[in-house]
Amino acid sequence: MRMPVKFNTEFIQRFKHASAAEIAHRVRKKLIAFQAKRAGGQKRLPFEMPAVPPGQIQAIKMPQFNFVLNGNQTRLDKGAGMPGLSDNAEQISHFESQWHDAFFDEVRCCPGDPDMRSVWDPARLQEPAGLLLQAWRDNGKSREGAEAVLQWIHKNPFPFGPHYKSAMESGLRVPVFLYCLKTAKELGETEQTDLLRAVYGHAWWIANNLSLYASLGNHTVCECVGLVFAGAIFSHTDEGKRWTDTGYRLLDQELKHQVLADGGPAEQSLSYHRFVLDLYWLAKNFLERNNLRECSHWTARLEMGESFLAAFQIDGGSFPSIGDSDDGHAIGPGVTPIRCKAKPCQDTITTFVESGYTVVKQGQGFSLIFDHGPLGMPPLYNHGHADALSVTLSFKGKPVLVDPGTFRYNGVPEWRRYFKSTRAHNTVTVDGQDQAVQETGFIWSKPYKATLEKAVSGDKWVFLRACHDGYTRLKGPVIHERTVFIEDQGLILIRDTFKGKGVHDFELNFHLHPETKVVRYRDGWLDADMDGVKAFVLLLEGGEFKVVRGQEQPIRGSYSPAYGVKVESPVLSASIRGRAEDSCFVTVVALNSPCDTDALKERFLSVERQTENS
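Numbering-wise, this note's numbering puts 289 at position 285 of the sequence shown, and it's gapless, one number per residue.
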């Protein structure tokens, strides 16, 4: 039977980047899977679970939690899941039933099937975890949460069905099993045994299917959290000790890999950064409270990560959807681990060198983020987007220029390709190509290099310049250079210039929030109104902006507010064709009211001369 092209492409790309050690690791994983399949076919497990001594579970200390409740809410809402993942429950149930008796490695997604991410999300058991933890906090009963967890275990015996395809998903479930063992006081002996067998089976599977080598990333962190929780439960066994050792060793190793020296994310995703930091806070608290390992040397790096995210926060605590986002939680909606609080960033301009962002903050909630970082985490760049030199802007707590987000990972390849693309970001596309090459939904090739050339500030202005080489792979190579000039009265000038050979098509896009109303104003200005916050936009050079919304051929003008959800949104788009050296876009964004563009441009050129001579 001929393999699907998608599978071939992914296999080839992964093989190209694989070392001999990684190939051996993947072969071993296949052999372990075969062992599990053979045991499952004989109605037995591929392991023997040791007995747990009386008092072992009681001696384990629960990690500490913070309950994030909104307004007058005093309890977590049952069913308060993610909108894009919980609205197709019937389709998910049908898919699970269809593959219920199949060995996990035989499960396949076909056209019309739900996104596998949406299948896996309820099986993380994070909603029951919230019920268990809230009852534990309130000294109440937690039977409802316990029954949901036990029902899942009985319905999904290892190694059958879709929920064992990913060791990451298994890693996220293990802490939930411990919460259930610790908080559901009325559990019977059989129920306790079922939970312990689930812990042991999950940990056995994780330990034999770790995401290593080119697959190191947030998946590895999830898996290792599962191992340290399972290791605590079975600490009286050699296997449990190995799980704790392996989980801690990899977490310790990966911390400086996942959290860069400036506190930023290796994966170039703010959402996954929040996810990974929370997993580390959870593991650190659990390991230390149970005297399993000393993790105090993690604190400084994690605090740097918190400070990084704090710099990106818009008033109200949200941050732009830079890079991939699947809205995942380390623990569950409304529950977080205990974190160190980050100090708010007070500087007007902050450059994060390793991760490649410059953040400019001014009064009235002005926040501009300039992306001059790498594509993602090599060698596959899984969760990165082709967003070099993109800018996002918020003012008075409202998003003005936005990153459109992610939408979904599986089942709609044309939309996956779009939301990762250069066209879906506030930057310039050349010849309709992305800044790097999308091989699959999670693999990039031909990564670009972005370079920050200038980051200078004066009393009332900020001057930034960066370039990237992503289009030097074209037949006529092109380098894109962007200069951003910001004045403290809410005036922004963005100039895009190009160096290279040949004639090219250049397309500039600025994405606005879906709730933004755009109307033509006088003298070529566009009035973009977001709930009373006005941004006037004018293209000084490079043609004229047209407003595009909800276009599908080619896709443009869509925004994803949450995983699995997309809505139409306005995009300001302009195109020119010409020689690289002769092509230029100059865009002015004036918050509150239009400005004297001649005077602004004169001040910009004066500052540019000043910075060139400094």
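These are calculated hints, taken from the structure and not from any lab test.
There could be a bad hint or two in this list.
[To be verified] Straight-line alpha carbon distances no greater than 25 Å define the calculated BS3-like cross-link-like pairs of lysine-lysine that follow:
1) Lys605 to Lys464
2) Lys453 to Lys503
3) Lys365 to Lys450
4) Lys260 to Lys34
5) Lys479 to Lys453
6) Lys505 to Lys453
7) Lys65 to Lys345
8) Lys169 to Lys189
9) Lys169 to Lys65
10) Lys479 to Lys505
11) Lys538 to Lys550
12) Lys260 to Lys345
13) Lys189 to Lys34
Open item on the list: Next pair to validate is Lys260 with Lys345; report whether the Cα-Cα distance is within 25 Å.
Closed with: Measuring from Cα to Cα gives roughly 20 Å; hence the hint holds.
Open item on the list: Lys538 and Lys550 were given as a pair; does the straight-line alpha-carbon distance stay at or below 25 Å?
Closed with: holds, 18 Å
Open item on the list: For Lys260 and Lys34, compute the direct alpha-carbon distance and say whether it is at most 25 Å.
Closed with: Judged against 25 Å, a Cα distance of about 30 Å means the pair is violated.
TODO: Compare the distance between the alpha carbons of Lys453 and Lys503 with 25 Å, and conclude whether the hinted pair is satisfied.
DONE: holds, 15 Å
- [ ] For the pair supplied as a hint, Lys479 and Lys453, confirm whether the alpha-carbon distance does not exceed 25 Å.
- [x] holds, 18 Å
Task: Holds or violated: Lys365 to Lys450, with C-alpha atoms at most 25 Å apart - done: violated, 33 Å
Open item on the list: What's the verdict on Lys169 and Lys189, does the C-alpha distance respect the 25 Å limit or exceed it?
Closed with: violated, 32 Å
Open item on the list: Would the hint linking Lys505 and Lys453 be met if the CA-CA limit is 25 Å?
Closed with: holds, 19 Å
Open item on the list: Does Lys34 sit within 25 Å of Lys189, going by the straight-line distance between their CA atoms?
Closed with: It is violated: about 39 Å lies between the C-alpha atoms, which goes past 25 Å.
- [ ] Verify the proposed pairing of Lys479 with Lys505, using a straight-line Cα cut of 25 Å.
- [x] Holds: Lys479 and Lys505 sit about 9 Å apart, inside 25 Å.
Task: Given pair status - Lys345, Lys65, alpha carbons within 25 Å - done: The given pair, whose Cα atoms are some 23 Å apart, holds under the 25 Å limit.
TODO: Compare the distance between the alpha carbons of Lys605 and Lys464 with 25 Å, and conclude whether the hinted pair is satisfied.
DONE: holds, 15 Å
Of the hints listed earlier, those the structure fails to meet are numbers 3, 4, 8, 9 and 13, in rising order.
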